[in-house]
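Chemist: For the sequence shown, this note's numbering gives the first residue as 1, with consecutive numbering after it.
Be aware that one or more of the hints could be misleading.
[To be verified] With a straight-line cut-off of 25 Å between C-alpha atoms, the simulated SDA-like cross-links for lysine to any residue are: (1) 11 <-> 76; (2) 37 <-> 1; (3) 15 <-> 72.
In short, the hints are calculated from the structure, not lab data.
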Amino acid sequence: MIYQLVIIGAKGEKKHVNVANSEEEFRNTTVEELRRKIQLINPDCKSNTQVSYRLFYRHTSLEDHDTLGDHGIRNMDTLFVVVRLPGGGGM
Numbered sequence: 001m002i003y004q005l006v007i008i009g010a011k012g013e014k015k016h017v018n019v020a021n022s023e024e025e026f027r028n029t030t031v032e033e034l035r036r037k038i039q040l041i042n043p044d045c046k047s048n049t050q051v052s053y054r055l056f057y058r059h060t061s062l063e064d065h066d067t068l069g070d071h072g073i074r075n076m077d078t079l080f081v082v083v084r085l086p087g088g089g090g091m
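All chains should be built: construct the whole structure from the sequences, respecting the hints.
Modeler: Given below as structure tokens:
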């Protein structure tokens with residue numbers, strides 16, 4: 001069985017990302033590993049751009065060192081991409 005997540009991109013597009021082949025591997029996948037997989041399917045999340053992004057699950061921002069299991073994320077759950085654009089400094 002392939003374990004997947006649904007990713008809602010910054011422009012509202014919905015994509016599926018294959019995460020793991022077993023439940024244990026899925027639970028132990030880090031957010032950093034997941035980011036690499038998302039970069040393959042979502043051009044807005046390419047690491048070589050000046051745009052950075054955050055991943056959210058149930059209103060919680062996910063940190064790179066977290067695992068999917070840390071947040072109780074399960075097969076076919078939905079994560080949201082929020083893009084942070086450069087700029088926005090104070091006046």
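Chemist: Each hint needs a verdict: does it hold in this structure or not?
Modeler: How the hints compare with the structure:
1. Restraint check for residue 11 and residue 76: the C-alpha separation of about 20 Å stays at or below 25 Å, so the hint holds.
2. Among the hinted pairs, residue 37 with residue 1 is consistent with the structure: their alpha-carbon atoms are about 18 Å apart, no more than 25 Å.
3. Simply put, residue 15 and residue 72 have alpha-carbon atoms about 20 Å apart, close enough for the 25 Å limit, and the pair holds.
Every hint from the earlier list agrees with this structure, and none is contradicted.
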